[in-house]
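Enquirer: Chain order of the listed sequences is A and B. Just so it is clear: in the first sequence, position 16 is -2 by our numbering, and no numbers are missing. Just so it is clear: in the second sequence, position 48 is 30 by our numbering, and no numbers are missing.
Read the hints as simulated data drawn from the structure, not as lab findings. Among the hints, a few may not be true.
The list makes no distinction among identical chains, and a pair is therefore deemed to hold if it is satisfied within one copy or across any two copies.
Computed cross-link-like contacts, SDA-like style, restricted to lysine to any residue with a CA-CA straight-line distance of at most 25 Å [to be verified]:
1. Lys20 / Val47
2. Lys20 / Phe99
3. Lys51 / Ser(-15)
4. Lys94 / Ile69
5. Lys20 / Gly102
6. Lys(-10) / Arg32
7. Lys94 / Asp6
8. Lys76 / Gly89
9. Lys65 / Ala23
Each chain, written out:
There are 2 protein chains.
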Amino acid sequence: MESLQFDKGNGLVPAIVQDYESGDILMLAYINREAWEKTVATGKAHYWSRSRNTLWLKGETSGHVQIVKEILVDCDEDTVVFKVEQIGGAACHKGFRSCFFRRFDKGVFKVKDEPVFDPGEVYKK
Amino acid sequence: MESLQFDKGNGLVPAIVQDYESGDILMLAYINREAWEKTVATGKAHYWSRSRNTLWLKGETSGHVQIVKEILVDCDEDTVVFKVEQIGGAACHKGFRSCFFRRFDKGVFKVKDEPVFDPGEVYKK
């Protein structure tokens, strides 16, 4: 199986996550070799959490898993695009469909989207 | 003017570059504070080249500049999306419209797109 240039980025490669139907960009996350192999093997997006230092099945807590429909690879083999079906309709832990819910507008970041869930409800202690 | 969390990534923030009409992802590049400010001031995408260690006006050599139509900011303020009009129709130095011209298919990277220019012609010595 062909693999990616993990060594260039200290073992990590950024994954751009795009809605496979709308083309909206949902988030950017990072994968290591294990996350890459698990994603390919299971068809569900796995990432490496840089803050928690652990492999992470997206949606493990929220149930909002990402079914990977297509994987694109860039010219340098150090970035991928995951085209996904976002279960639950929301990729962002802040309750928005996309992590990119703000627009840079006249010098400030303005919220442009509506939240689709209440993070307080989904991530109960 | 609001800014980004450049300190988290050693002064750099990834910029996902998306065609503002088709929604296709063209490339991933990196910006530092100076590239961010020049992009905002000029409306043309500027990046930080990690290989050449220099500020870089995309299209400086090829003429294939990117007119920035919209900027989106993520929840952590450490990633942006530049929605651009790609002049010349090609973002990739290998002559393809998008750097993501290959698909991961049954374990191998397969070219899925047609090149739109000949890099040998555009990047003459």
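Enquirer: Each hint should be assessed against the structure and marked as holding or not.
Expert: To see whether the hints hold, each was checked on the structure:
1. Lys20 / Val47: within (14 Å within a copy, 38 Å between copies)
2. Lys20 / Phe99: neither (28 Å within a copy, 36 Å between copies)
3. Lys51 / Ser(-15): Close inside one copy (18 Å), not across copies (34 Å); limit 25 Å.
4. Lys94 / Ile69: within (22 Å within a copy, 27 Å between copies)
5. Lys20 / Gly102: neither (29 Å within a copy, 39 Å between copies)
6. Lys(-10) / Arg32: both (16 Å within a copy, 11 Å between copies)
7. Lys94 / Asp6: Both ways: Lys94 and Asp6 sit 14 Å apart in one copy and 21 Å across, limit 25 Å.
8. Lys76 / Gly89: within (23 Å within a copy, 35 Å between copies)
9. Lys65 / Ala23: Only inside one copy: Lys65 and Ala23 sit 16 Å apart there, 32 Å across copies, limit 25 Å.
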